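Trainee: Based on the hints, put chain G in the right spot on chain V.
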Amino acid sequence: MTQTTLPGRQWSPPNLIENPWIRWGLLIGGIIYLVLALLSVDVNPGRIARGMERGGQILVGFVQPDFFSRRDNIISGLIESLVMTVVATAIGVVISVPIGIGGARNLVPLPVYLVCRLVIALSRTFQEVIIAILFVVMLGFGPLAGVMTLVFGSVGFVSKLLAENIEEIDAAQVEAIRATGASWMQMLTYGVLPQVLPRLVGLSLYRFDINLRESAVIGIVGAGGIGATLNTSIQRYEYNTASAILLLIIALVMATELVSSAVRQRLQ
Amino acid sequence: MGSPNLGLPIVFVSVLLAGFVPNEFRPTAFGYALAVTPLCPMLRIQSLTKRYPTGDIALQSVNLDVPDGQVMALIGPSGAGKSTLIRCINRLVEPTSGQIYLNELELTRLGSAQLRRARRRMAMIFQEYALVERLTVMENVLSGQLGYVNFWQSWFRKFPQGTVDEAFRLLERVGLGQFPDKRADALSGGQRQRVGIARALLQNPNILLVDEPTASLDPKTARQIMRLICELAQERGLSVIVNIHDVPLAQQFSQRIVGLQAGEIVYDGPPSGLTERALTQIYGEEDWNPERESEADESPALAGTAGERQS
Numbered sequence: 001m002t003q004t005t006l007p008g009r010q011w012s013p014p015n016l017i018e019n020p021w022i023r024w025g026l027l028i029g030g031i032i033y034l035v036l037a038l039l040s041v042d043v044n045p046g047r048i049a050r051g052m053e054r055g056g057q058i059l060v061g062f063v064q065p066d067f068f069s070r071r072d073n074i075i076s077g078l079i080e081s082l083v084m085t086v087v088a089t090a091i092g093v094v095i096s097v098p099i100g101i102g103g104a105r106n107l108v109p110l111p112v113y114l115v116c117r118l119v120i121a122l123s124r125t126f127q128e129v130i131i132a133i134l135f136v137v138m139l140g141f142g143p144l145a146g147v148m149t150l151v152f153g154s155v156g157f158v159s160k161l162l163a164e165n166i167e168e169i170d171a172a173q174v175e176a177i178r179a180t181g182a183s184w185m186q187m188l189t190y191g192v193l194p195q196v197l198p199r200l201v202g203l204s205l206y207r208f209d210i211n212l213r214e215s216a217v218i219g220i221v222g223a224g225g226i227g228a229t230l231n232t233s234i235q236r237y238e239y240n241t242a243s244a245i246l247l248l249i250i251a252l253v254m255a256t257e258l259v260s261s262a263v264r265q266r267l268q
Numbered sequence: 001m002g003s004p005n006l007g008l009p010i011v012f013v014s015v016l017l018a019g020f021v022p023n024e025f026r027p028t029a030f031g032y033a034l035a036v037t038p039l040c041p042m043l044r045i046q047s048l049t050k051r052y053p054t055g056d057i058a059l060q061s062v063n064l065d066v067p068d069g070q071v072m073a074l075i076g077p078s079g080a081g082k083s084t085l086i087r088c089i090n091r092l093v094e095p096t097s098g099q100i101y102l103n104e105l106e107l108t109r110l111g112s113a114q115l116r117r118a119r120r121r122m123a124m125i126f127q128e129y130a131l132v133e134r135l136t137v138m139e140n141v142l143s144g145q146l147g148y149v150n151f152w153q154s155w156f157r158k159f160p161q162g163t164v165d166e167a168f169r170l171l172e173r174v175g176l177g178q179f180p181d182k183r184a185d186a187l188s189g190g191q192r193q194r195v196g197i198a199r200a201l202l203q204n205p206n207i208l209l210v211d212e213p214t215a216s217l218d219p220k221t222a223r224q225i226m227r228l229i230c231e232l233a234q235e236r237g238l239s240v241i242v243n244i245h246d247v248p249l250a251q252q253f254s255q256r257i258v259g260l261q262a263g264e265i266v267y268d269g270p271p272s273g274l275t276e277r278a279l280t281q282i283y284g285e286e287d288w289n290p291e292r293e294s295e296a297d298e299s300p301a302l303a304g305t306a307g308e309r310q311s
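Those protein sequence lines, which keep their order, are chains V and G. Quick note on this note's numbering: the first sequence kicks off at 1 and runs consecutively. Quick note on this note's numbering: the second sequence kicks off at 1 and runs consecutively.
Chain V extracted, bound-state conformation (with noise of 0.2 Å):
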């Protein structure tokens, strides 16, 4: 290797696409596209000076929150939300176990972790208002709809993530229980449940978070739960106790995710 080092040779970092014609083409043409899209935003002066006016009053109600007038209905709202996200956890954890074990390519069989990440895939596919939509009509409205919407959900948040935990984890732990003549089942229980637990029990708490947080949302598509009892506020203008429901709403979530990152920091 001979290289002669001449001075004052010019450097600039490589251009991440090579050819200056498509590069600045690209460029140019995106610029394009977004002032025409810009322009094609039919936008209402008048429209938005009424909205504006609503907004205000929204506002308005919003800083005089009613925790009283609907006092019942927020209550047994927020109790629904809360055993709706409790029960769909739970059920929701015990069936990613073993759909996340299968999602581990370094456990199980060709076959087997394809199945297992085609139910997670269709489990993801599709956000929690959509699949609401639909056990909405195929239930009824009420909190069973939601219960089974937000199990849906979780199943695929849980069994993916863990599924990613199990391919992650340390093998040689694995090998030397499978050397003792360990069983597949006493594998799975000593060379893998320790290395993957505090993520589990982490990973299930987080879901918790985002369990109590959705049934406000699919609420709103009639699977009951608080989300059930702010719309009916927000539609009947009584924005003062919709104000008090998002406020009760917040602070029951600060107060879940306080608890889960206190116990999830024991935990490691």
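These are calculated hints, taken from the structure and not from any lab test. Computed from a predicted model, the values in this text were never measured in an experiment. Among the hints, erroneous ones may be present.
Derived, one-sided and incomplete: chain V residues facing chain G with beta-carbon distance under 10 Å [claimed, not checked]:
#: 1; residue: Asp170
#: 2; residue: Ala176
#: 3; residue: Arg178
#: 4; residue: Ala179
#: 5; residue: Ala182
#: 6; residue: Thr189
#: 7; residue: Tyr190
#: 8; residue: Gln195
#: 9; residue: Gly202
#: 10; residue: Ala262
Where a beta carbon is used, it is the ideal one built from N, C-alpha and C, also for glycine.
Mentor: Frame of chain V, contents of chain G only:
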């Protein structure tokens, strides 16, 4: 949702029940020809070949007999197939062809349930200890008995009292009697390897497969660990196959040395017979870390390479 679906509960219950059957009573077509005559070796390996799916040949027609109670060191450069050889014996790695017999039992022919039974007789000690880090010392030691208990016994950590007694005795013997409940990841390297040794011995094995037991230990601890393994093997009359990088350590502790080079045995003899020539044969001329004895042989070649790199 008319009639309740019974499929899932039935599967669940049958899994529960299957867990109660101890391994001993599981149906096994076991031609356990336990004709242990003094003549037959503890372990016999016949024309063992391993080819990885990538096409790399790790072992090529290896023949090897290990008699009862012998401590045999397996040396050779990285990638020579030492780890593969050890893992083919308990079939953590599936051999491509060839036969392996333990006490006349053909390991290479066993089905998965029989293999698990046979693995109880072959305990393994690992390079990075391979302890389950989040379990306690005692749980790690007791995991050596997993092949002997059923699933629910192991799940609830209800091992037979005799096993627990033996586990405490072993912990005492390896010098860790005072912390059975410490988590494995809280121990030092040497202590962890002692737990690994106790786990292996609780299997009540006939042979110890030891894979680089000292590679991550300091020289003094390495010697202590090797001495402990050899003492315990002698007390119990176990055969030992130990993969080891450190040639002086191998010479100090083994009765026989087998040198592996590119998947073939190139040396098989006593530690004292390991001459410069034998070492060159095992590790090759272009080895970057030649043994001290063979330095004179290697230096011209090394000087040549070094010179080329600099220019």
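Trainee: Please go over all the hints and tell whether each is borne out by the structure.
Mentor: Results of checking the hints against the structure:
no., hint, verdict
1, Asp170, "holds, 8 Å"
2, Ala176, "holds, 4 Å"
3, Arg178, "holds, 6 Å"
4, Ala179, "holds, 4 Å"
5, Ala182, "holds, 4 Å"
6, Thr189, "holds, 6 Å"
7, Tyr190, "holds, 5 Å"
8, Gln195, "holds, 7 Å"
9, Gly202, "violated, 14 Å"
10, Ala262, "violated, 20 Å"
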